[in-house]
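> Sequence:
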Amino acid sequence: MKSKSLIDKVLKKFYGIDGILDEYKKEQINKIGNLIFIFMWWYLIISTFVATLLVSINRDGAILFLIIGNLIVVLLSIIIVTVFLRRKKLDLVEVEKKDYLKLKRKYLVKGIFLAGYFGVSMYILNALDGAFEGEGDFWSEITSFNNLQISLVEGFLFGMLMYLYFMFKLRKR
Numbered sequence: 000m001k002s003k004s005l006i007d008k009v010l011k012k013f014y015g016i017d018g019i020l021d022e023y024k025k026e027q028i029n030k031i032g033n034l035i036f037i038f039m040w041w042y043l044i045i046s047t048f049v050a051t052l053l054v055s056i057n058r059d060g061a062i063l064f065l066i067i068g069n070l071i072v073v074l075l076s077i078i079i080v081t082v083f084l085r086r087k088k089l090d091l092v093e094v095e096k097k098d099y100l101k102l103k104r105k106y107l108v109k110g111i112f113l114a115g116y117f118g119v120s121m122y123i124l125n126a127l128d129g130a131f132e133g134e135g136d137f138w139s140e141i142t143s144f145n146n147l148q149i150s151l152v153e154g155f156l157f158g159m160l161m162y163l164y165f166m167f168k169l170r171k172r
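The opening position of the sequence shown corresponds to residue 0 in numbering that gives the first Met the number 0, with each subsequent residue numbered one higher.
FYI, nobody ran anything at the bench for these hints, they're computed from the structure.
Any given hint might turn out to be false.
[Stated by the list, open to error] What follows is a list of derived Cβ distance ranges for each label pair: (1) Glu134 <-> Val49: 28 to 38 Å; (2) Phe48 <-> Tyr164: 36 to 46 Å; (3) Phe48 <-> Ile78: 17 to 27 Å; (4) Asp136 <-> Phe48: 39 to 49 Å; (5) Trp138 <-> Ile79: 23 to 33 Å; (6) Asp21 <-> Glu134: 44 to 54 Å; (7) Glu95 <-> Glu134: 50 to 60 Å; (8) Phe112 <-> Gly60: 25 to 35 Å; (9) Phe112 <-> Glu134: 27 to 37 Å; (10) Leu163 <-> Glu95: 36 to 46 Å; (11) Ile71 <-> Tyr164: 32 to 42 Å.
[As the list claims (entries may be wrong)] Cut-off 30 Å, straight-line C-alpha distance, at most; resulting in silico cross-link-like pairs (DSBU-like, lysine-lysine): (12) Lys168 <-> Lys87; (13) Lys96 <-> Lys171; (14) Lys109 <-> Lys88; (15) Lys97 <-> Lys30; (16) Lys101 <-> Lys168; (17) Lys171 <-> Lys8; (18) Lys12 <-> Lys103; (19) Lys101 <-> Lys3; (20) Lys101 <-> Lys171; (21) Lys25 <-> Lys103; (22) Lys3 <-> Lys105; (23) Lys3 <-> Lys168; (24) Lys171 <-> Lys88; (25) Lys25 <-> Lys97; (26) Lys8 <-> Lys103; (27) Lys8 <-> Lys87; (28) Lys97 <-> Lys87; (29) Lys171 <-> Lys12; (30) Lys8 <-> Lys97; (31) Lys105 <-> Lys168; (32) Lys101 <-> Lys87; (33) Lys87 <-> Lys109; (34) Lys101 <-> Lys12.
These figures come from a predicted structure and were not determined experimentally.
C-beta atoms are modelled at their ideal positions from N, C-alpha and C, and glycine is treated no differently.
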């Protein structure tokens with residue numbers, strides 16, 4: 000039995016592929032990965048050139064251009080990869096009827112874990128953000144009831160959306 004390489008594990012985790020990573024899936028992943036790399040490479044060259052020109056005119060404008068541009072390019076890349084995976088049906092998980100409930104329960108636990116992880120992360124980041132913005136020190140922000148409420152809602156919504164996404168990928172045979 001061939002053991003999984005670290006690269007295969009990373010690819011499966013990064014692209015959200017459950018199940019077996021066969022040669023067809025690897026080939027398709029490499030195809031979209033190369034296309035996104037070329038797209039980002041050209042963006043990096045062009046945006047660096049434009050930012051270099053903007054620095055001489057307006058330093059803040061150049062920084063804002065890079066931040067907004069990077070955000071748009073990353074989000075666009077995520078959307079392209081998601082659509083590609085969906086069209087090629089690389090992210091679908093087909094299971095037998097007897098394993099469906101077991102996998103559904105697994106995805107529920109995964110969604111709960113992600114909700115907790117996201118909620119705690121946002122709780123700490125909101126406290127740090129408030130401290131850096133000058134709204135108070137870190138300890139007053141971390142003990143803020145408002146910060147706790149916001150983080151709980153964010154964590155719950157994120158966990159619910161992730162569970163729905165996992166269930167959207169699941170198919171019975």
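> A separate judgement is required for each hint: does it hold in the structure or not?
Right, here's what the structure says about each hint:
no.	hint	verdict
1	Glu134 <-> Val49: 28 to 38 Å	35 Å, holds
2	Phe48 <-> Tyr164: 36 to 46 Å	37 Å, holds
3	Phe48 <-> Ile78: 17 to 27 Å	25 Å, holds
4	Asp136 <-> Phe48: 39 to 49 Å	42 Å, holds
5	Trp138 <-> Ile79: 23 to 33 Å	43 Å, violated
6	Asp21 <-> Glu134: 44 to 54 Å	52 Å, holds
7	Glu95 <-> Glu134: 50 to 60 Å	53 Å, holds
8	Phe112 <-> Gly60: 25 to 35 Å	42 Å, violated
9	Phe112 <-> Glu134: 27 to 37 Å	30 Å, holds
10	Leu163 <-> Glu95: 36 to 46 Å	22 Å, violated
11	Ile71 <-> Tyr164: 32 to 42 Å	22 Å, violated
12	Lys168 <-> Lys87	13 Å, holds
13	Lys96 <-> Lys171	6 Å, holds
14	Lys109 <-> Lys88	22 Å, holds
15	Lys97 <-> Lys30	34 Å, violated
16	Lys101 <-> Lys168	15 Å, holds
17	Lys171 <-> Lys8	24 Å, holds
18	Lys12 <-> Lys103	18 Å, holds
19	Lys101 <-> Lys3	23 Å, holds
20	Lys101 <-> Lys171	12 Å, holds
21	Lys25 <-> Lys103	26 Å, holds
22	Lys3 <-> Lys105	22 Å, holds
23	Lys3 <-> Lys168	23 Å, holds
24	Lys171 <-> Lys88	14 Å, holds
25	Lys25 <-> Lys97	28 Å, holds
26	Lys8 <-> Lys103	22 Å, holds
27	Lys8 <-> Lys87	20 Å, holds
28	Lys97 <-> Lys87	26 Å, holds
29	Lys171 <-> Lys12	22 Å, holds
30	Lys8 <-> Lys97	26 Å, holds
31	Lys105 <-> Lys168	13 Å, holds
32	Lys101 <-> Lys87	26 Å, holds
33	Lys87 <-> Lys109	25 Å, holds
34	Lys101 <-> Lys12	20 Å, holds
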